[in-house]
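Undergrad: The chain contents come next:
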Amino acid sequence: MDRISYLPNTILCDILSYLPTKQAVSTSILCRRWRHVWKDLQVIDIDDRPFWSSGRASFDSFVKAILTQRNADSYPIEKFRLTCEKFEEDPIPTWFNAVIGPRLQELYLSLNVMFGTNLPKAIFTCTSLKSLVLKCDISLDYGPEFPDVYLPSLKNLELDIAHVDNKLLSGCPVLENLKLILFDMTPERYVYTPTIQMPQTLKSLTFEDYTIMWEEINHRVIDTPSLEYLYLKIVTSGVLELQVSASYFPNMVEAHLDIEEEQSHLDIHGEPVEHVCLVPMLLQALHETKLLALKPYTTRCLFSAPAFKFPEFHRLLNLELDVPFFNTNFLLNFLHSCHVLEALVIRICKEVYVRTMDYNGPTPPTMVPSCVTSHLKSFEFREYQDTADELEFIAYLLKGGLVLKTVTIHLKSDFDLMTKYNIVKGLSAISRGSTICQLNFVD
Amino acid sequence: MSGISDTERMITLKTVEGTLFDVKSSIAKDLKTVQAFIDDSDDDVTSPIPLPNVFTRELSRILDYLNNHHRFRSGIEKADEEMARYDAEFAKSMSHEELKALILAANYLNVKDLLEFLNQTVADVIQNKSVEFVRNFFGIENDYTPEEEEKLRNENEWAFNGVEQD
Numbered sequence: 011m012d013r014i015s016y017l018p019n020t021i022l023c024d025i026l027s028y029l030p031t032k033q034a035v036s037t038s039i040l041c042r043r044w045r046h047v048w049k050d051l052q053v054i055d056i057d058d059r060p061f062w063s064s065g066r067a068s069f070d071s072f073v074k075a076i077l078t079q080r081n082a083d084s085y086p087i088e089k090f091r092l093t094c095e096k097f098e099e100d101p102i103p104t105w106f107n108a109v110i111g112p113r114l115q116e117l118y119l120s121l122n123v124m125f126g127t128n129l130p131k132a133i134f135t136c137t138s139l140k141s142l143v144l145k146c147d148i149s150l151d152y153g154p155e156f157p158d159v160y161l162p163s164l165k166n167l168e169l170d171i172a173h174v175d176n177k178l179l180s181g182c183p184v185l186e187n188l189k190l191i192l193f194d195m196t197p198e199r200y201v202y203t204p205t206i207q208m209p210q211t212l213k214s215l216t217f218e219d220y221t222i223m224w225e226e227i228n229h230r231v232i233d234t235p236s237l238e239y240l241y242l243k244i245v246t247s248g249v250l251e252l253q254v255s256a257s258y259f260p261n262m263v264e265a266h267l268d269i270e271e272e273q274s275h276l277d278i279h280g281e282p283v284e285h286v287c288l289v290p291m292l293l294q295a296l297h298e299t300k301l302l303a304l305k306p307y308t309t310r311c312l313f314s315a316p317a318f319k320f321p322e323f324h325r326l327l328n329l330e331l332d333v334p335f336f337n338t339n340f341l342l343n344f345l346h347s348c349h350v351l352e353a354l355v356i357r358i359c360k361e362v363y364v365r366t367m368d369y370n371g372p373t374p375p376t377m378v379p380s381c382v383t384s385h386l387k388s389f390e391f392r393e394y395q396d397t398a399d400e401l402e403f404i405a406y407l408l409k410g411g412l413v414l415k416t417v418t419i420h421l422k423s424d425f426d427l428m429t430k431y432n433i434v435k436g437l438s439a440i441s442r443g444s445t446i447c448q449l450n451f452v453d
Numbered sequence: 138m139s140g141i142s143d144t145e146r147m148i149t150l151k152t153v154e155g156t157l158f159d160v161k162s163s164i165a166k167d168l169k170t171v172q173a174f175i176d177d178s179d180d181d182v183t184s185p186i187p188l189p190n191v192f193t194r195e196l197s198r199i200l201d202y203l204n205n206h207h208r209f210r211s212g213i214e215k216a217d218e219e220m221a222r223y224d225a226e227f228a229k230s231m232s233h234e235e236l237k238a239l240i241l242a243a244n245y246l247n248v249k250d251l252l253e254f255l256n257q258t259v260a261d262v263i264q265n266k267s268v269e270f271v272r273n274f275f276g277i278e279n280d281y282t283p284e285e286e287e288k289l290r291n292e293n294e295w296a297f298n299g300v301e302q303d
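Heads up: the protein sequence lines correspond to chains A and B, in order. Taking my numbering, the leading residue of the first sequence gets 11, the next gets one more, and so forth. Taking my numbering, the leading residue of the second sequence gets 138, the next gets one more, and so forth.
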C-alpha cells in the first residue's frame, strides 16, 4: 500500500529537492497524485549533460518549461543550481531573470562561457542571497563601472573566474567564507587588478591567484582578524611585484601556504637583488595557528631569506613541511619554535629547483627541542632518501621523542627490495625513547 | 536507566504494541508532537503517553538516532566524521519497507532533522531510476489511462528522454 504518496506535498517536495530537476519533473507520470507535486519545488538543479545529444534548443525548452509550469508565485525559488558544460553561445538567456527573486538564498552557476557575460546586475543586489558560487570562464566585465553591489545576507562566496572587482568584495558586509580562484586569461582579455582587498569579516579564505602582473605592483590585502582557515596560493614571477598585507590572526586554526616566488631577481648591473621574502611576514602573522602546512616553494624562501628568525608558534599542534632538500639545522630551528607540537610530517620535493642547497639561518641550540621530549606523538617522513643526514635525524627523534606513538617512513619508490629491507632493518634497530613507539614503513 | 541528572525529567512513551520507552525530556523535545502534548498538559504528564500510530521497531530506531546525534553534538570537534559514519550505517541498515515506515513515524512524531535525512535517503535510492522502479518503491498504482499518460509524456518529452528504460 502506498502511504508515502499521501503525505503532504512539503514532504514529497523535500524528497524531490535532492534529485536533479529533470527527474523531479518526470514524477508527474507516476500517478495522478504526483502530477503537480514537482511544481511546488523551490530547489532547482539543472544540468545540460542529458541534452548534449539533443542540442541547445531542447535544453532551452526544458528550462523555459520548468520555469513557466511551476507555481512561481506561491513557491518562489530558494535554491538554483545550473551546470552548463557544453553550451557556450549566449549562455544567460532572458529566462534567467525569473530566477533572481526575493526568496533566492543560494545560487550556483557553473558555465562554459566564451565571450564576456551578461549576468543580470540584479544578482548583485539580491538581498536574500546567502550563498553565491560562480564558476565561469569569464571576467564579469560590465565596462568601466562595475554595478553597485549590496548583498547583506551573503555568507558564502565562491568565484572561480578570471578577474574580481573590489566592489564585489566590499559589498558583502557579513561574508564569512570566501573562495577566490583567479586564473590566467589570454593576454587580450587580461584585466590587471592592482589591489584586491579581502572582506574583514572572513572566517575562512581560500585564495588562489595566478594573475600577478609582471612589472607592476600587485597588492593583496588580507586584513581579516576573525580568520580561522586560510589556504593561500600565489604564483608570481618576481617578488618585487607582489605585496601582501596580512593582519595578525589570533583565531587561526589551519593555514596552508603555497607561495611560488621566483628568486633570481637581478638589478640593472645584473647582480642578484637582496629581497625580503613575504613568507616570513606571513608566518609571523600566522603564529597562533594550530595547523600549518607549507608547500616546497614556500619553504624554499626560508632557506635563503637573510636573518630569518622563526616566530614562536605557541599553539601549533600539526606541522606539514614540504622541503626542496633535507637540512637538519632548518628542521631543528623550526622544532625549537613549536613548543607544543604533536604531529610532524616532512616531505622531500626534489622536483623544486634550488640554486644552492645552503641554509643561511643560525645554528640551532644544542638541547633537544621541548616539543620532541614532551609533546610529539606522531612523525611522518615522505620520500625518505636514506641519506646520512636523514637517518641521523630520524634516530634523533626516535631516541629523544619520549612520548612518540607512531613513526611512519615512506620509502622512495625506486629503492630495490634489498635496499628497502636493509633500511627497515636499520631503522627498526635504533633504540626508542618512548616505550609505546611504533615504527611503520610504507612502500 | 542510570546517570539521570536532577534536572532531567523522564517521559514514558507507549507504542502500538504496548511497549514502554523511557525518554529524557531533552530528547523528547525533538519529538515535536510529543512535546506539544506535554506543553498542552501544562507540563504535568505522569502516565505513559500513547502513540497510536507508532510501532516499537520505528520508535526504537528514532530514539537511537536522536540519542546518537545528541551525543555527537555535545562532544568535541571531531564528531562530524563519526556522525557521517553513523548516518551512512543507519541508512544502509534498513530495507525499503523499513525506510518508508520510518518516514511515516518521523512525520507523525514531527522529528524534523531525521525526516530530512530520511527524505535524502529515499532520493538516493530513486535517483536516475526508471519510472517503473519508482512506482514499485513507493507501491504506487498507476491510475492514468494510457491516453492520459501518452499525452503527459508528449507535453514534456524532454523530461522523459534519457531516463533508464523499464
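The set of hints was computed from the structure by calculation and includes no laboratory data. Hints are not guaranteed to be accurate.
DSS-like cross-link-like pairs, simulated, lysine-lysine; straight-line CA separation at most 27 Å [claimed, not checked]: (1) K435/A to K409/A; (2) K49/A to K151/B; (3) K49/A to K237/B; (4) K151/B to K140/A; (5) K151/B to K249/B; (6) K49/A to K266/B; (7) K288/B to K89/A; (8) K96/A to K169/B; (9) K74/A to K266/B; (10) K165/A to K151/B; (11) K151/B to K89/A; (12) K288/B to K145/A; (13) K74/A to K288/B.
If you want a taste of the chain A side facing chain B, the calculated C-beta under 7 Å gives, among others [to be verified]: (14) R42; (15) I56; (16) L77.
The beta-carbon is built from N, C-alpha and C at its ideal position, and this holds for glycine as well.
Undergrad: Hints first: check each against the structure and report whether it holds.
TA: Cross-check of the supplied hints:
For the given pair, K435/A sits about 16 Å from K409/A by alpha-carbon distance, which is consistent with the 27 Å threshold. For a cut-off of 27 Å, the pair hint linking K49/A to K151/B is broken: about 39 Å separates their Cα positions. Taking the CA atoms of K49/A and K237/B, the gap is about 23 Å. The hint holds against a cut of 27 Å. With a C-alpha separation of about 43 Å, the suggested pairing of K151/B with K140/A is violated against the 27 Å cut-off.
Taking the CA atoms of K151/B and K249/B, the gap is near 21 Å; set against the 27 Å cutoff, the hint holds. Distance hint between K49/A and K266/B is fulfilled; the C-alpha atoms sit about 20 Å from each other, no more than 27 Å. Proximity of K288/B to K89/A is assessed by CA-CA distance (about 30 Å); at most 27 Å being required, the pair is judged violated. About 47 Å separates the Cα atoms of K96/A and K169/B, which puts this hinted pair outside 27 Å; it is violated.
A threshold of 27 Å between alpha carbons decides the hint, and for K74/A with K266/B the separation of about 24 Å falls inside it, so the pair holds. Between the alpha carbons of K165/A and K151/B the distance comes to roughly 44 Å, so the proposed pair goes past 27 Å and is violated. For the hint pairing K151/B with K89/A, the CA-to-CA distance comes to about 40 Å; that exceeds 27 Å, so the pair is violated. Distance hint between K288/B and K145/A is unfulfilled; the C-alpha atoms sit about 38 Å from each other, more than 27 Å.
For a cut-off of 27 Å, the pair hint linking K74/A to K288/B stands: about 19 Å separates their Cα positions. About 5 Å separates the beta-carbon of R42/A from the nearest beta-carbon of chain B, less than 7 Å, and the hint is met. Hint on I56/A is violated. Least Cβ distance to chain B is approximately 11 Å, over the 7 Å limit. Interface restraint check for L77/A: the shortest CB-CB distance to chain B comes to about 13 Å, outside 7 Å, so the restraint is violated.
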